[in-house]
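Residue numbers (my numbering), protein chains in the order written: chain G, 1 to 830; chain C, 831 to 1198.
None of these hints come from the bench; they were simulated from the model.
Just so it is clear, CB atoms sit at the ideal spot from N, CA and C, and this is done for glycine as well.
Certain hints may be false.
As the list claims (entries may be wrong) - Ranges between beta-carbon positions, derived for each pair:
1) G:G511 <-> C:A863: 55 to 61 angstroms
2) C:D946 <-> G:A793: 28 to 34 angstroms
3) C:A1051 <-> G:V779: 51 to 57 angstroms
4) C:D946 <-> G:G110: 50 to 56 angstroms
5) C:D940 <-> G:G641: 19 to 25 angstroms
6) C:Q873 <-> G:T738: 42 to 48 angstroms
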Amino acid sequence: MKAPASWIREYVDLPAGVTTEELAARLTALGLKLEAIVSPGDRITGPLVVGKVLTKEPEPQKNGKTINWCTVDVGAANGTGEPQGIVCGAHNFAPGDLVVVVLPGGVLPGDFAISARKTYGHVSAGMICSARELGLGEDHDGIIVLPEGAGEPGESAFPLLGLDDDVIEFEINPDRAYALSLRGIAREAALAYDAPYRDPADRALPEPNATGHPVRIDDPVGCPVFVARKVTGFDPTAASPDWMVRRLTQAGMRPISLAVDVTNYVMLEIGRPIHGYDADRVRGPIGVRRAREGERVTTLDGAERILSIEDLVVTDDSGIIGLGGVMGGETTEMSETTTSILVEAAHWDAVSMFRTGKRHKITSEAGKRNERGVDPVVTQAAADRVVELLTTFGGGTADPGVTVVGLPPEQPRITISYDLPARVTGMPIDAATTVAHLEAVGCVLEKGDTTLTATTPPWRPDLTDPFDLVEEVARVVGYDRVPSVLPREAAGRGLTREQRLRRRVGRTLAGAGCAEVISFPFVGDATFDALGLAADDVRRATVRLANPLSSEEPSYTTTLLPGLLKAVARNLGRGAPGVALFETGTVAFPADRGPAPIYGVDWRPSDDELAKLFEAIPDQPLHLAVVLAGERERAGWWGEGRDAGWADAVGLVRRLGAELGVGVDVAAARRMPWHPGRCAEVRVAGPETGVVLGHAGELHPKVCQAFGIPARSAALEIDLDALMRHARDVVPGPDFSTYPVAKEDVALVVDAKVRSVAVETALREGAGDLLESVRLFDVYTGEQLGEGKKSLAFALRFRADDRTLTEEETAAARDAAVALAAERTGAVQR
Amino acid sequence: MSGPNTDYDPVEVTPLKAEEVEAARDAALAAIAAAADLAELKQVRIDHTGDRSPLALANREIGALPPQARKEAGQRIGRARGAVNKALADRQAVLEVEHEERMLVEETVDVTVPTDRVPTGARHPLTTGAELIADIFVAMGWEVAEGPVIEAEWLNFDALNLGPDHPARTMQDTFWTDPGDDHLVLRTHTSPVQARTMLQRTPPIYVICPGRVFRTDEYDATHSPVFHQVEGLAIDEGITMAHLKGTLDHFAAQMFGEGINTRFRPSYFPFTEPSAEVDLVCFVCRGAGELDGSSCRTCRGEGWIEWGGCGVVNPRVLAACGVDAERYTGFAFGMGIDRTLMFRHGIEDLRELFEGDVRFTTAFGTEL
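Required output: the full structure, derived from the provided sequences and hints.
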């Protein structure tokens, strides 16, 4: 809402010396948030004066343009009193016209300094200005021609153009619809300064009578009050007065014609949207009712609207002539030939206005006010003001008929105890202050011993609850007076187990050289295609959005890999030699357990109802994914670098398992987007074997290609919730032997297809209790071994709890280990 | 150890002469003194104290002497050998020190060469920022509550006094799931976590709810369809706006430094009444609005930074969530984590948070 300061001051006597900035700050403190103060004159330095065109000589130029060589009387403003010679490119003026002249030395918006300069064979000493050059609008059709008698040559043009009038732009919250009018803003200014206020809606009104245009309301809930007035003999060519045009422009509205401008002006002034009909096109009595399903009306904007039974419509004998309170119809629209105007000022049900505006996607200044709530009492005053302005400036006659149908709804009454504001705000607000401030905002009070009952003012439909009154008192007292007190210390339980574990996971990965990424969770079929997912892959079953940002990515993701792969490609594209990225985030799988219920809000749903609600929400497990691409270890003076590979991904899962105390088993698996021969399925080890955590390994070459990242890039994705569920809570203190260790290395030749884990398991079991650890330290293939064979070298470490092992004991354990490996895997010791 | 020698060689008896013993001693001492390094000294030790050295040979001869001569010869040779051994030990110590010093010099490396064999990792500042905030509140005895991002419409809107016709529902352009009559949304704020907490716990409640939220905003330098919020909720007996102010002042000081506090401006949120916007004293210019004579860039000369919204929990919300509004009052607040980090760290473009450029992330390390 843009409010010219001069317009605000018209209704409130502010103390002397209050600047626009101070006023805006005080209003902000009351809840009208300052967006900006626009002072058009601030960007102009004089001399900017009224000039009277004396002569105008058109001079065609070689470039095809015609310029006008003018002499302009600028009074004594140029210091000489002589006519000023000025070249002007515009043609919309004639000798004798009053224009706006900036003289040499002046500066226009955009730091445009004016000087006398030679152009088109003349010395042009200044400039005749257009509205755009002065920053007053986009109108560049020509220069500004002032109305006759607007001022004397040489007089400052600042006040004439409103350049000395600041415009305060406020952000108006939805609960303060009354501030979408100068009436409301000025009322707040009066409240801020405890200053005298003149209500522009407070005017002497003609008595309603039966001679006005007949109106029938069939839906008094949707339209409690309908006022109709008529102006006849209106001159459709009459221009809006300059002050009205200026104020409308300052308020951000485009001047159109006197009849339209007047309705807009009164809406800004009083806050009540007005609709004007071409009275000659209205057939018979006006009616107000709900539409029938499927009825149609063409609105002012030329759109044909198919109506619903919830829409409120205005009718005449021809049918529907408007969407009540939202937009008028085409058939009764005022035009440039309209001489008879039917003025409608009606009060409409806000919820209906909101729904109709939303259903038909209509946003308008009128709709914005009607759906937030307008003062129902001022319908007659607004209509009367419109009639006054139309007859004053349009030469018409006010029809004596005054139709007023219906009554404004009763205002709610709210009872609070006197100390409620103090109890809620923590400010020392006594009963007298509460009473004074509620009365100041317009409440009418009945004062009891311990409670008061407030009848709220009609322009405040937002006041419905006791706490609303608390806010009114508090904002007048001043939010800056709220003390700063810490609440009592709660006996908190600290972070939850999962919250602590998540931090550990993040630190572990960062410690392993991975950088965390947060990406958008939106995907589409193309993403899944790029990952090579089969048509029936469960990851393609997504929670879809009804209104996605992009139709290409309409789903909430089921995997974190796409976001990471894109970020990897971005980093490599920006020149990173290698990158390791991780992300933790929720993915979603559809629940398909029916719609989520909508309950009432007056009391808590039952536990069963809540369970049903929670049940309908899609499963959203927390996932962790890592992608490693390019250089994993750098080359340097220490030697060669090393690119990331499948083992880095598998290694990271093991490292996380170790960090969280979860044993993990790894088995070969085939799953996109991984390389079918280099993909590991990761499971929880131990009694709960079978819980699949996720997968790790090298990415499929096609996937690398699709995402534009190097071949052999590696990735892992696991269900972090599952991993954390298995995390060890209390680690038992370890018990270990301090006797010497005995080491034995064995090299075993096996078939190339044999998994090392099988050999290792056999060794472990065969070696018995003396075995402390077994570790594969070398894999060798070569001609000596023969085709299809490989040699696995294991380091075995033996230790007893109670003695130093003898060579014989160690050798026996080693031989037993090898024997079991031979039996199970066909291993032959080299 | 040589025992009594009964098979001595008369030719070798000469070293037992006093002058020869002294000559052998002097030769040894001279050689020791002349040894330039530990290797040379080792050879000197062999030559002058080894089994074939004159003094060793002489010593071996002592047993062959007549008993009356043994004592004197023994003493003479013992003194000579003692002198030589002491000289050897002394020289050994000196040469060892010299050797070590030389070795340390020779082993000097260029410590300025790069050592970045394995790249540095980092956690995302949105993660560590949320943790920093969590730690501030946990230190006050609060807890951290979380909830799903795909949320029931009722929890995201209705329970928070945002009825189907509430104008505020259009203020928050919402992602709805398909079909719309599933009544599910991508949560537009973390407030449904507050609702869940009230529905599932009994007061006193002191929780913060950090997390990812969604609005159908265009993606630009200051807007994102995906962003992060932290909200706070306190429900207890006797809670007032003053407690809200105290909590936010404490939060601001912890996050931005001592002396940085907040101010309230009246505002409107359906879930709170009274409602306020929270501004933060600009921690760069400390409220002056200017810095070194020019307008402060962080607060654009305002002296204050818009931080978030807050208020006293609307009793209608308490009713829908089953909190006894006669007994308890509460306050709630919320702010953007992304935005907070942007001005705390001078991040110009919001999109940097979501691009995943490692140069951005690693700049913040693993903790904020």
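Evaluation of the provided hints:
1. G:G511 <-> C:A863: 55 to 61 angstroms: 58 angstroms Cβ-Cβ, so the 55 to 61 angstroms window holds.
2. C:D946 <-> G:A793: 28 to 34 angstroms: holds (32 angstroms)
3. C:A1051 <-> G:V779: 51 to 57 angstroms: holds (52 angstroms)
4. C:D946 <-> G:G110: 50 to 56 angstroms: holds (52 angstroms)
5. C:D940 <-> G:G641: 19 to 25 angstroms: Cβ of D940 of chain C to Cβ of G641 of chain G: about 20 angstroms, so the range 19 to 25 angstroms holds.
6. C:Q873 <-> G:T738: 42 to 48 angstroms: Holds, since Q873 of chain C and T738 of chain G (Cβ atoms, about 44 angstroms apart) stay within the stated range.
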